[in-house]
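S.K.: What follows is the residue order along each chain.
2 protein chains.
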Amino acid sequence: MIEILRLSHRIRRDPRISTHVALVARAFGADKIYYSGDHDLALEDSVNKIVKQWGSNFQIEYIKDPIKLIKSTKSKIINLTMYGLPLENEISKIKKFKDLLIIIGGEKVPIEIYKLSDYNISVTQQPHSEVSSLAIFLHEFFKGEELKLEFKNPKVKITPQISGKKTTTFI
Amino acid sequence: MIEILRLSHRIRRDPRISTHVALVARAFGADKIYYSGDHDLALEDSVNKIVKQWGSNFQIEYIKDPIKLIKSTKSKIINLTMYGLPLENEISKIKKFKDLLIIIGGEKVPIEIYKLSDYNISVTQQPHSEVSSLAIFLHEFFKGEELKLEFKNPKVKITPQISGKKTTTFI
Numbered sequence: 509m510i511e512i513l514r515l516s517h518r519i520r521r522d523p524r525i526s527t528h529v530a531l532v533a534r535a536f537g538a539d540k541i542y543y544s545g546d547h548d549l550a551l552e553d554s555v556n557k558i559v560k561q562w563g564s565n566f567q568i569e570y571i572k573d574p575i576k577l578i579k580s581t582k583s584k585i586i587n588l589t590m591y592g593l594p595l596e597n598e599i600s601k602i603k604k605f606k607d608l609l610i611i612i613g614g615e616k617v618p619i620e621i622y623k624l625s626d627y628n629i630s631v632t633q634q635p636h637s638e639v640s641s642l643a644i645f646l647h648e649f650f651k652g653e654e655l656k657l658e659f660k661n662p663k664v665k666i667t668p669q670i671s672g673k674k675t676t677t678f679i
Numbered sequence: 509m510i511e512i513l514r515l516s517h518r519i520r521r522d523p524r525i526s527t528h529v530a531l532v533a534r535a536f537g538a539d540k541i542y543y544s545g546d547h548d549l550a551l552e553d554s555v556n557k558i559v560k561q562w563g564s565n566f567q568i569e570y571i572k573d574p575i576k577l578i579k580s581t582k583s584k585i586i587n588l589t590m591y592g593l594p595l596e597n598e599i600s601k602i603k604k605f606k607d608l609l610i611i612i613g614g615e616k617v618p619i620e621i622y623k624l625s626d627y628n629i630s631v632t633q634q635p636h637s638e639v640s641s642l643a644i645f646l647h648e649f650f651k652g653e654e655l656k657l658e659f660k661n662p663k664v665k666i667t668p669q670i671s672g673k674k675t676t677t678f679i
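Residue numbers (the numbering used here), protein chains in the order written: chain A, 509 to 679; chain B, 509 to 679.
A couple of the hints might just be wrong.
If several chains are the same, the list does not tell them apart, and a pair holds so long as it fits within one copy or across any two.
Claimed, not checked - Derived pair list, reagent style EDC-like, types lysine to aspartate or glutamate, alpha-carbon separation capped at 20 Å:
1) K623 to E598
2) K656 to E596
3) K674 to D626
4) K584 to E511
5) K576 to E653
6) K584 to E552
7) K665 to E596
8) K674 to D553
9) K579 to E653
10) K674 to E598
11) K623 to D539
12) K579 to E658
13) K540 to E598
14) K663 to D573
15) K656 to D626
16) K604 to E569
17) K603 to D548
Hints were generated in silico from the structure; no laboratory data involved.
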């Protein structure tokens with residue numbers, strides 16, 4: 509099981525960023541995203557609509573207490589942070605595990621999260637985005653195989669084209 | 509020169525997404541981002557502040573007429589779209605070029621863009637994010653070397669840590 513934990517979601521500031529984090533989680537092969545902060549039914553609705561249309565069993569769940577989840581998980585805990593050890597040096601160790609809980613921070617991640625994590629990992633030591641950090645992490649973890657994933661029970665599917673768009677819809 | 513063209517930026521809907529696209533462009537080794545749509549001084553200011561603090565010669569420029577830019581560039585034109593040919597099949601051809609103009613769409617990309625592009629490329633055929641598409645594209649293009657980039661004249665720099673945060677500031 510590959511699970512994501514998105515910390516401190518804020519309805520006003522993060523609506524599209526959190527949606528993009530969730531869609532990356534799904535598209536790049538994770539099974540579930542938890543999020544804390546503001547309970548946001550519109551976020552859940554956006555993600556569930558994509559799942560219904562494009563397939564998979566991907567789930568989204570709001571949790572009030574992320575520390576409780578972190579303390580109770582049996583998965584290896586990965587905290588994605590620009591302050592952590594470089595992904596390219598650590599990924600071979602992490603690839604050995606089957607079950608991960610990957611933490612994606614908000615603005616200020618409490619130091620407790622760093623201490624509870626098995627690995628604090630940086631995707632470059634430069635500021636960019638939680639969306640790109642998660643994508644690159646999962647891309648390295650799944651060795652590029654995730655780019656070819658087929659999803660269960662889609663209602664719509666794309667056939668790649670040199671130019672233009674081709675979609676097939678299933679009823 | 510690796511340049512990005514972000515189409516149809518909208519101040520109300522996209523402020524943080526466009527900022528993240530620009531920061532990914534910089535962090536993953538591109539030289540410049542152009543954007544069209546709404547002229548947004550706050551976006552430019554956010555990006556320029558990061559450049560000043562974290563280094564590099566990365567530039568951001570607003571353009572009114574993206575088609576004119578596309579028609580006049582001498583770079584190979586890459587349109588990132590979920591409808592294009594799979595990245596993993598095309599990247600070896602694209603790696604041979606030194607100069608790229610990489611187009612990142614807004615909501616509705618006109619079919620003219622598909623026709624003017626040398627390569628329409630998909631990073632999975634699933635919905636996720638322009639932020640992650642650009643990151644994965646640049647990561648594959650630069651073969652992971654971009655993760656180790658050092659930037660010119662930074663005022664702040666991170667030293668990776670197993671746990672916690674270490675930054676050095678330069679005056």
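S.K.: Indicate, hint by hint, whether the structure satisfies it.
M.R.: Hint check results:
| no. | hint | in the structure |
| --- | --- | --- |
| 1 | K623 to E598 | within (17 Å within a copy, 42 Å between copies) |
| 2 | K656 to E596 | between (22 Å within a copy, 9 Å between copies) |
| 3 | K674 to D626 | between (43 Å within a copy, 18 Å between copies) |
| 4 | K584 to E511 | within (10 Å within a copy, 38 Å between copies) |
| 5 | K576 to E653 | neither (32 Å within a copy, 38 Å between copies) |
| 6 | K584 to E552 | neither (25 Å within a copy, 39 Å between copies) |
| 7 | K665 to E596 | between (33 Å within a copy, 18 Å between copies) |
| 8 | K674 to D553 | neither (26 Å within a copy, 39 Å between copies) |
| 9 | K579 to E653 | neither (30 Å within a copy, 35 Å between copies) |
| 10 | K674 to E598 | between (39 Å within a copy, 18 Å between copies) |
| 11 | K623 to D539 | neither (25 Å within a copy, 36 Å between copies) |
| 12 | K579 to E658 | neither (33 Å within a copy, 36 Å between copies) |
| 13 | K540 to E598 | neither (23 Å within a copy, 30 Å between copies) |
| 14 | K663 to D573 | neither (35 Å within a copy, 37 Å between copies) |
| 15 | K656 to D626 | neither (29 Å within a copy, 23 Å between copies) |
| 16 | K604 to E569 | neither (27 Å within a copy, 44 Å between copies) |
| 17 | K603 to D548 | neither (33 Å within a copy, 42 Å between copies) |
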